[in-house]
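There are 2 protein chains.
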Amino acid sequence: MTTTGTTTGTVAPADDVRQRIVAAADALFYGRGIQAVGMDEVRAAAGVSLKRLYTQFPGKEQLVLAVLDARHRQWQDGLTAAAAGIAAPRDRLLAVYDFLERWFTDDTFRGCGFINAFGELGATSPGVAQAARAHKESFQVYVAALAEEAGGDADLAAQLVLLAEGAQTTAAISGRPDAARQARRAAQVLVEAALGAPTGPGGADGARVR
Amino acid sequence: MTTTGTTTGTVAPADDVRQRIVAAADALFYGRGIQAVGMDEVRAAAGVSLKRLYTQFPGKEQLVLAVLDARHRQWQDGLTAAAAGIAAPRDRLLAVYDFLERWFTDDTFRGCGFINAFGELGATSPGVAQAARAHKESFQVYVAALAEEAGGDADLAAQLVLLAEGAQTTAAISGRPDAARQARRAAQVLVEAALGAPTGPGGADGARVR
DNA sequence: CCGTGGCGAGAACGATCGTTCTCTGCCTGG
DNA sequence: CCAGGCAGAGAACGATCGTTCTCGCCACGG
Numbered sequence: 001m002t003t004t005g006t007t008t009g010t011v012a013p014a015d016d017v018r019q020r021i022v023a024a025a026d027a028l029f030y031g032r033g034i035q036a037v038g039m040d041e042v043r044a045a046a047g048v049s050l051k052r053l054y055t056q057f058p059g060k061e062q063l064v065l066a067v068l069d070a071r072h073r074q075w076q077d078g079l080t081a082a083a084a085g086i087a088a089p090r091d092r093l094l095a096v097y098d099f100l101e102r103w104f105t106d107d108t109f110r111g112c113g114f115i116n117a118f119g120e121l122g123a124t125s126p127g128v129a130q131a132a133r134a135h136k137e138s139f140q141v142y143v144a145a146l147a148e149e150a151g152g153d154a155d156l157a158a159q160l161v162l163l164a165e166g167a168q169t170t171a172a173i174s175g176r177p178d179a180a181r182q183a184r185r186a187a188q189v190l191v192e193a194a195l196g197a198p199t200g201p202g203g204a205d206g207a208r209v210r
Numbered sequence: 001m002t003t004t005g006t007t008t009g010t011v012a013p014a015d016d017v018r019q020r021i022v023a024a025a026d027a028l029f030y031g032r033g034i035q036a037v038g039m040d041e042v043r044a045a046a047g048v049s050l051k052r053l054y055t056q057f058p059g060k061e062q063l064v065l066a067v068l069d070a071r072h073r074q075w076q077d078g079l080t081a082a083a084a085g086i087a088a089p090r091d092r093l094l095a096v097y098d099f100l101e102r103w104f105t106d107d108t109f110r111g112c113g114f115i116n117a118f119g120e121l122g123a124t125s126p127g128v129a130q131a132a133r134a135h136k137e138s139f140q141v142y143v144a145a146l147a148e149e150a151g152g153d154a155d156l157a158a159q160l161v162l163l164a165e166g167a168q169t170t171a172a173i174s175g176r177p178d179a180a181r182q183a184r185r186a187a188q189v190l191v192e193a194a195l196g197a198p199t200g201p202g203g204a205d206g207a208r209v210r
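Taken in sequence, the protein lines are chains A and B. All residue numbers for the first sequence refer to the UniProt record's numbering, where the first residue is 1 and numbers rise by one. All residue numbers for the second sequence refer to the UniProt record's numbering, where the first residue is 1 and numbers rise by one.
Since the hints were derived computationally from the structure, they do not count as laboratory data. Where hints are given, some of them may not hold.
Unchecked claim - Pairwise CB distance ranges (calculated):
hint: 1; chain 1: A; residue 1: A27; chain 2: B; residue 2: Q130; range: 23 to 29 Å
hint: 2; chain 1: B; residue 1: K51; chain 2: A; residue 2: A154; range: 25 to 31 Å
hint: 3; chain 1: A; residue 1: T55; chain 2: B; residue 2: Q130; range: 39 to 45 Å
hint: 4; chain 1: A; residue 1: D178; chain 2: B; residue 2: A87; range: 30 to 36 Å
hint: 5; chain 1: B; residue 1: Q19; chain 2: A; residue 2: E61; range: 35 to 41 Å
hint: 6; chain 1: B; residue 1: L50; chain 2: A; residue 2: V141; range: 48 to 54 Å
hint: 7; chain 1: A; residue 1: D69; chain 2: B; residue 2: Q19; range: 27 to 33 Å
The beta-carbon is built from N, C-alpha and C at its ideal position, and this holds for glycine as well.
With the sequences and hints as input, model every part of the structure.
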């Protein structure tokens, strides 16, 4: 799995160039669509030679998969960071939608990269389809864990996931980020319906339904 | 906007060939992605000459837009058909998810064609982006009308739309159609939270929350 | 100081695709 | 029966793209 087990103390230059390539490719693929971006453009954006690009990734598909892998890790990091420091399990669940809202307001936001890649290449590339499936399934598992901590079951988690997914595509296509807040309000209703009235001491805004 | 206001009694042959082309292109574009299908393959599937294809559609983009337009009409027809004959406004709202479930179980189902097209071409083709926006907005308007008939407001409608959108991408990527039923259950909770307990005489299954 | 080997820059190659053009056969109007 | 034009089949063309090859430069080791 790991690239080359170099024994150098600092970051291996090979890993550095890999990350630069992946970051450049991600920005281009995500912003314009994968097939709309040529390898030469990736090379230029990464500031690397074409030969080096092809020694790091044997083909475009492997680069795409590496990009999706990196994007998946960033998504997971962002999710856990959003939940960090929040005491109430119920608010950790809702923090998912706060994280979405911050993402949607980023002006480079163009929907979920996995949904986009799946629609564009899922039928052609089994690897891309599998990456999308794994990403979404991992999100399901994450939300299910949060839901369980809050006392909810898998059904509640699945429904909260639907809201998050719908918010992503709606925000992407409409161009307006308020889908995140709408999803949060709906999630609050679902959570309260499943778990009962909100817990007592919750400060912030967790208590107001509407 | 409408094609040609022909005064002939039966379908004009030009319209017939157009429809054949659009139907063939839709199946190919939707099943494999737009850029993965060449114009020559569309020509073969439609059983038409390349010249005729290009007299009907000046370029691939116009064909794509025509496909999206036809798909939008089919979506609207399916939606209204799903609501037809249902007396209770609340059940008409939930019928959206029954319609989704039937769609998801179709073995050619591969997600929402507009979301897929938007992800693939939305950044490159303003026409495609606009078509996706219009389609989603029209769905919002439709659900908002149903919600109002049931006594709900625009917020309820927006939240129900999020569930429907999320169900589409989730069913597409996971490959399992049960997202529709999950969305329906969540919608039921949201509707009852917004409108109060279910109305009395409703037969069927509208009364059981869980 | 000289050979060598690796690396970057970019040309080159083969394939695909969108679009147009050519050729040939057929059908129609007189 | 004949001329004309229209449509279908498919070749052709230009552009793009993924991938590979070549050339020249630079650093480094003996």
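Now the hints, each set against the structure:
1. As the Cβ distance of A/A27 to B/Q130 is approximately 24 Å, the hint placing it in 23 to 29 Å holds.
2. B/K51 and A/A154 have their C-beta atoms about 56 Å apart, which leaves the hinted 25 to 31 Å range violated.
3. Range check, A/T55 to B/Q130: about 42 Å between beta-carbon atoms, so the 39 to 45 Å window is met.
4. At roughly 33 Å, the beta-carbon separation of A/D178 and B/A87 lies within the given 30 to 36 Å, and the hint holds.
5. Range check, B/Q19 to A/E61: about 36 Å between beta-carbon atoms, so the 35 to 41 Å window is met.
6. At roughly 49 Å, the beta carbons of B/L50 and A/V141 sit within the given window of 48 to 54 Å.
7. At roughly 43 Å, the beta-carbon separation of A/D69 and B/Q19 lies outside the given 27 to 33 Å, and the hint is violated.
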